[in-house]
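So the chains spell out like this:
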Amino acid sequence: MTTMTLAGAINAGLRAAMERDSKVLLMGEDIGPLGGVFRVTDGLWKDFGGERVMDTPLAESGIVGTAIGMSMRGYRPVVEIQFDGFIFPAFDQITTSLAKMHYRSRGAITLPVVIRVPFAGGIGAVEHHSESPEALFAHTAGLRIVSPATPQDGFDMIQQAIASPDPVMFFEPKARYWDKGEVDTDRVAAQLSSEGGASSATDEMAHARVAREGSDVTIVAYGPTVRLALQAAALLDGEGASVEVIDLRTISPLDTETVVRSARKTGRVIVVHEAPSAFGTGAEIASRVTEEAFFHLHAPVLRVGGFHAPYPGSKLEHDYLPNLDRVLDAVDRVLMH
Amino acid sequence: MSATGPLSDEGLIRLLDRTGARLEDPFFSQYAKDLTDDDLRRFWREMTLTRAFDNEATSLQRQGELGLWVPALGQEAAQIGSGNAVRKPDFVFPSYREHGVALTRGIDLPVILKMFRGIEHGSWVPSEHSFHLYTLVIGAHTLHATGYAMAMDRDGLVASGKPENDGAVICYFGDGATSQGDVNEALIFAAVNNAPVVFFCQNNQFAISEPTTRQSRVPLADRGKGVGIPSVRVDGNDVIASYAVSNWALQYARSGAGPVLVEAFTYRMGAHTTSDDPTRYRTRADEAYWAERDPIARLTTYMENAGILPDEYREEVAQEAKGLGRRTRELVKTWPAPSKTEMFEHVYAEPHATVDAERAWFERYERSFLEAHS
Numbered sequence: 013m014t015t016m017t018l019a020g021a022i023n024a025g026l027r028a029a030m031e032r033d034s035k036v037l038l039m040g041e042d043i044g045p046l047g048g049v050f051r052v053t054d055g056l057w058k059d060f061g062g063e064r065v066m067d068t069p070l071a072e073s074g075i076v077g078t079a080i081g082m083s084m085r086g087y088r089p090v091v092e093i094q095f096d097g098f099i100f101p102a103f104d105q106i107t108t109s110l111a112k113m114h115y116r117s118r119g120a121i122t123l124p125v126v127i128r129v130p131f132a133g134g135i136g137a138v139e140h141h142s143e144s145p146e147a148l149f150a151h152t153a154g155l156r157i158v159s160p161a162t163p164q165d166g167f168d169m170i171q172q173a174i175a176s177p178d179p180v181m182f183f184e185p186k187a188r189y190w191d192k193g194e195v196d197t198d199r200v201a202a203q204l205s206s207e208g209g210a211s212s213a214t215d216e217m218a219h220a221r222v223a224r225e226g227s228d229v230t231i232v233a234y235g236p237t238v239r240l241a242l243q244a245a246a247l248l249d250g251e252g253a254s255v256e257v258i259d260l261r262t263i264s265p266l267d268t269e270t271v272v273r274s275a276r277k278t279g280r281v282i283v284v285h286e287a288p289s290a291f292g293t294g295a296e297i298a299s300r301v302t303e304e305a306f307f308h309l310h311a312p313v314l315r316v317g318g319f320h321a322p323y324p325g326s327k328l329e330h331d332y333l334p335n336l337d338r339v340l341d342a343v344d345r346v347l348m349h
Numbered sequence: 338m339s340a341t342g343p344l345s346d347e348g349l350i351r352l353l354d355r356t357g358a359r360l361e362d363p364f365f366s367q368y369a370k371d372l373t374d375d376d377l378r379r380f381w382r383e384m385t386l387t388r389a390f391d392n393e394a395t396s397l398q399r400q401g402e403l404g405l406w407v408p409a410l411g412q413e414a415a416q417i418g419s420g421n422a423v424r425k426p427d428f429v430f431p432s433y434r435e436h437g438v439a440l441t442r443g444i445d446l447p448v449i450l451k452m453f454r455g456i457e458h459g460s461w462v463p464s465e466h467s468f469h470l471y472t473l474v475i476g477a478h479t480l481h482a483t484g485y486a487m488a489m490d491r492d493g494l495v496a497s498g499k500p501e502n503d504g505a506v507i508c509y510f511g512d513g514a515t516s517q518g519d520v521n522e523a524l525i526f527a528a529v530n531n532a533p534v535v536f537f538c539q540n541n542q543f544a545i546s547e548p549t550t551r552q553s554r555v556p557l558a559d560r561g562k563g564v565g566i567p568s569v570r571v572d573g574n575d576v577i578a579s580y581a582v583s584n585w586a587l588q589y590a591r592s593g594a595g596p597v598l599v600e601a602f603t604y605r606m607g608a609h610t611t612s613d614d615p616t617r618y619r620t621r622a623d624e625a626y627w628a629e630r631d632p633i634a635r636l637t638t639y640m641e642n643a644g645i646l647p648d649e650y651r652e653e654v655a656q657e658a659k660g661l662g663r664r665t666r667e668l669v670k671t672w673p674a675p676s677k678t679e680m681f682e683h684v685y686a687e688p689h690a691t692v693d694a695e696r697a698w699f700e701r702y703e704r705s706f707l708e709a710h711s
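Top line first, the protein sequences correspond to chains A and B.
Plus 12 on top of the position in the first sequence (first one is 1) and you've got the numbering used here.
Plus 337 on top of the position in the second sequence (first one is 1) and you've got the numbering used here.
A couple of the hints might just be wrong.
Under 7 Å between C-beta atoms, here's a sample of chain B residues computed to sit facing chain A [claimed, not checked]:
| no. | residue |
| --- | --- |
| 1 | T483 |
| 2 | G484 |
| 3 | D614 |
Computed footprint of chain B on chain A; a stretch qualifies when at least three of its residues, placed anywhere within it, have a C-beta under 8 Å from a C-beta of chain B [what the hints assert, rightly or not]:
| no. | stretch |
| --- | --- |
| 4 | 20-26 |
| 5 | 118-128 |
| 6 | 152-163 |
| 7 | 174-185 |
| 8 | 213-221 |
| 9 | 259-271 |
| 10 | 296-306 |
It is worth saying that the hints were derived from the structure and are not from the lab.
Glycine included, every Cβ here is placed at the ideal spot set by N, Cα and C.
Generate coordinates for the entire structure from the input sequences, incorporating the hints supplied.
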């Protein structure tokens with residue numbers, strides 16, 4: 013086990029993937045000598061060269077579109093979108109080309125492209141630098157949407173995403189980049205080098221994790237809100253409420269089974285994400301829990317998320333984002349039933 | 338028709354004029370030098386077959402057998418000329434009107450209609466024909482073509498030292514597409530990466546109803562200048578010039594010299610699609626002007642005058658065209674509708690829980706009707 017930050021773990025995972033497979037390339041803005049604006053690709057340009065760590069023109073659609081073309085010849089491009097709010101010029105390439113090529117070619121073409129997106133807020137950034145657009149992509153079939161919350165998942169899942177034959181959008185919680193954790197660097201290497209490694213990696217990436225067991229309330233979180241959910245659970249432990257925390261890890265596919273199993277146990281579900289609640293991932297979870305665990309529920313499924321307003325200036329972001337008080341408020345409300 | 342700006346015929350490379358007379362070009366003639374009489378007969382045959390197929394497809398749409406058809410009428414020279422300059426290991430990215438190019442890539446033309454009959458979105462394996470699927474999102478594929486070309490370069494297929502082994506990409510798009518961000522980004526990415534890609538713009542003068550003057554105030558080939566890509570305007574109704582310019586452009590790209598922009602100036606003689614009505618936005622005089630510049634008529638006149646289009650050959654091709662029309666008509670009606678669960682196939686390469694769950698539900702739902710009736 014090694015101690016790493018989330019950013020360091022993703023960096024180490026990228027390095028391992030590039031060492032394992034010479035077809036893995038990184039593409040993006042400022043990812044070369046600078047190492048990316050968050051330094052996630054730090055050192056890789058120096059060690060692998062500009063041919064494999066490519067500083068691209070400043071055009072997101074162009075980056076994703078050319079990555080698609082390169083992957084058609086067997087390359088495995090890992091694209092960095094500099095900030096969440098700048099992904100929209102590439103929205104068309106991602107949703108109409110990347111997501112659909114395998115389908116429209118009836119399986120003849122696979123596009124193993126990974127799109128890394130530093131996402132979500134809480135770092136005092138300017139406009140368009142703190143958004144959570146994952147639900148916009150989860151609505152499109154053909155994409156896998158994942159988000160690591162821990163250094164271990166950052167290390168494992170980036171390699172699994174690269175190994176997967178499907179396009180994967182990899183949402184990295186930028187506020188958690190410098191959180192540290194223990195990382196086992198051997199397990200995923202063994203998985204990927206074994207027979208059927210890409211399939212088992214894709215499958216593992218499609219499952220949620222019970223981050224803490226509990227019996228009264230389930231809090232479903234992913235990416236930046238997992239730590240928040242665990243803080244709430246720890247606090248409530250002393251007050252006699254037992255909270256189960258599910259780290260979703262994957263939004264598409266959604267691991268309904270793990271969420272529903274927990275819902276049947278606790279009867280109370282709260283979904284916490286930074287993205288606006290309206291029409292979001294939480295709404296999808298609420299719907300699935302209602303469909304599959306209706307008679308086990310003691311309370312309505314609640315959502316704690318961003319509001320249906322543009323992401324505000326950073327002086328207001330801690331009121332806009334889910335915080336401990338709002339999560340505890342939601343727990344109080346479900347426990348009233 | 339002395340148009341200016343993007344509709345001018347200034348600077349067009351032309352090796353066959355509208356009366357069917359051969360012209361010389363100090364630079365490009367050498368790139369058509371290798372054409373034999375047999376080659377010209379093949380061009381003539383392929384243009385004739387493309388048009389016959391095209392007309393049959395329009396009829397089938399009118400008869401309700403196709404949801405839509407996209408005629409290439411009038412663009413046969415640009416397509417057959419450029420398509421014949423492609424060779425292994427080149428790769429082609431078409432837009433959605435490149436039926437002539439498809440023919441040169443060995444696609445059995447009727448298969449194209451599966452898409453227009455709503456059976457599936459693509460009906461050939463791109464790698465088998467070095468011909469990507471049609472792309473309906475205007476200009477999106479120019480970036481895929483650029484990325485593909487960058488990968489060919491990496492794979493050692495460009496400037497390898499053995500020119501016969503080298504390859505390049507040719508990417509087709511229209512005048513309307515030149516306004517898309519993706520096309521401009523493709524030009525930039527290709528330029529800075531020195532990618533071996535030929536951007537082949539068929540300026541057929543209309544983006545559905547909008548004339549090219551709604552897209553540009555300068556000839557479209559000028560778009561290459563700003564990004565440092567050599568650009569050529571060619572008479573797209575001249576199959577020999579279209580071949581020569583494409584031949585040069587592909588050789589240039591294969592040699593490692595970088596991308597090229599070709600603007601083939603042509604005219605969409607038919608409608609944009611069978612849902613369109615060109616009488617609302619262009620005149621009969623315009624159409625008559627361009628009818629005199631019909632690409633097939635021009636080649637026919639030249640070959641007749643040169644004595645290289647014997648009656649027996651014409652008859653043979655006429656019969657082949659008739660046969661293709663008949664086979665197309667018959668084949669279209671024999672294609673079974675896809676099975677209902679095909680919509681769940683190939684959404685992902687690996688299993689996906691949502692797709693699996695919805696498919697399982699749908700299958701149960703469908704079965705419930707059978708059970709209700711049994």
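Each hint, compared with the structure:
1. T483: With a closest approach of 5 Å, the T483 (chain B) hint holds.
2. G484: holds, 2 Å
3. D614: Violated: closest Cβ of chain A sits about 27 Å from D614 (chain B), beyond 7 Å.
4. 20-26: Per the Cβ count (0), the hint is violated.
5. 118-128: holds (count 5)
6. 152-163: Since three or more residues must qualify, the claim that chain B covers the stretch 152-163 of chain A holds, with 3 doing so at under 8 Å.
7. 174-185: That given contact holds, which follows from 3 residues of the stretch 174-185 of chain A lying within Cβ reach (below 8 Å) of chain B.
8. 213-221: Coverage by chain B holds for the stretch 213-221 of chain A (3 residues, Cβ < 8 Å).
9. 259-271: Since 6 is at least three, the answer is holds.
10. 296-306: violated (count 0)
Checked against the numbered hints above, the structure breaks hints 3, 4, 10 and satisfies the rest.
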